[in-house]
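Q: The residues making up each chain are set out below.
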Amino acid sequence: GQSLEQPSEVTAVEGAIVQINCTYQTSGFYGLSWYQQHDGGAPTFLSYNALDGLEETGRFSSFLSRSDSYGYLLLQELQMKDSASYFCAVPHGGNTPLVFGKGTRLSVIA
Amino acid sequence: GAGVSQSPSNKVTEKGKDVELRCDPISGHTALYWYRQRLGQGLEFLIYFQGNSAPDKSGLPSDRFSAERTGESVSTLTIQRTQQEDSAVYLCASSLLIRTGGSYEQYFGPGTRLTVT
Numbered sequence: 075g076q077s078l079e080q081p082s083e084v085t086a087v088e089g090a091i092v093q094i095n096c097t098y099q100t101s102g103f104y105g106l107s108w109y110q111q112h113d114g115g116a117p118t119f120l121s122y123n124a125l126d127g128l129e130e131t132g133r134f135s136s137f138l139s140r141s142d143s144y145g146y147l148l149l150q151e152l153q154m155k156d157s158a159s160y161f162c163a164v165p166h167g168g169n170t171p172l173v174f175g176k177g178t179r180l181s182v183i184a
Numbered sequence: 018g019a020g021v022s023q024s025p026s027n028k029v030t031e032k033g034k035d036v037e038l039r040c041d042p043i044s045g046h047t048a049l050y051w052y053r054q055r056l057g058q059g060l061e062f063l064i065y066f067q068g069n070s071a072p073d074k075s076g077l078p079s080d081r082f083s084a085e086r087t088g089e090s091v092s093t094l095t096i097q098r099t100q101q102e103d104s105a106v107y108l109c110a111s112s113l114l115i116r117t118g119g120s121y122e123q124y125f126g127p128g129t130r131l132t133v134t
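Chains as they are written, first to last, in the numbering used here: chain A, 75 to 184; chain B, 18 to 134.
The hints are simulated quantities; they were obtained by calculation from the structure and are not laboratory data.
The model shown is predicted, which means the values in this text are computed figures rather than measured ones.
Please note: incorrect hints may appear among the correct ones.
[Said to hold, decoys possible] Chain A stretches covered by chain B per the calculated footprint, using a threshold of three residues with CB under 8 Å from any CB of chain B:
#1 141-148
#2 173-179
[Stated by the list, open to error] When the alpha-carbon atoms are kept at most 30 Å apart in a straight line, the in silico DSSO-like pairs for lysine-lysine are as follows:
#3 Lys74/B - Lys155/A
#4 Lys176/A - Lys155/A
#5 Lys155/A - Lys32/B
#6 Lys176/A - Lys28/B
#7 Lys155/A - Lys28/B
Beta carbons are placed, not taken as given, at the ideal position from N, Cα and C, and that holds for glycine.
Please model the complete structure; the sequences and the hints are all you need to start from.
A: As structure tokens, then:
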């Protein structure tokens, strides 16, 4: 089966950089996705890594190391609106849908 | 364009009653997923529809749960004889054609908050 581990909570200062780590165990690996969810809201897609390395999209970047079964989400120039839960996810079995980690609650403070 | 919509947004029901939750996916999205999210937890896969293929029901927690999808449009998730542990937010998502090994972006609806009293 699939399982993912990520920190439950992270706190960071506005304007700073924060990294949210995710380690996974999968029977077959196809890619690692990241989703953001604000309180009371729906998850929204942030990024997907199928290959090793760093993918950058504006202030957000995502990294994958398949040999280490590890990835992270990097948020730069933190803003208060970035306070949310962040989930890493991998495909379920040999196909999507997704198995999600339990989420990391990010609190951005002034 | 319209996103994924779900109804009702909130549902309070008594233990033992049946409930139906509805999902309208984005037009043209062939894949549709149901997830459950308990308070403060991650998303738990329930069931997956892809085109005309047989649905993947491997995530359904018990035979009280079932879902249907009409073609590539509306889906309903039915929970029979609801129990208090069924209380959660039920999220529906849709995406474009899924290829093995692919992970196209999933678009989520706002969810239905189910409370079983």
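Q: Now look at each hint and say whether the structure bears it out.
A: Against the structure, the hints:
no. : hint                : result
1   : 141-148             : violated (count 0)
2   : 173-179             : holds (count 5)
3   : Lys74/B - Lys155/A  : 36 Å, violated
4   : Lys176/A - Lys155/A : 21 Å, holds
5   : Lys155/A - Lys32/B  : 38 Å, violated
6   : Lys176/A - Lys28/B  : 24 Å, holds
7   : Lys155/A - Lys28/B  : 29 Å, holds
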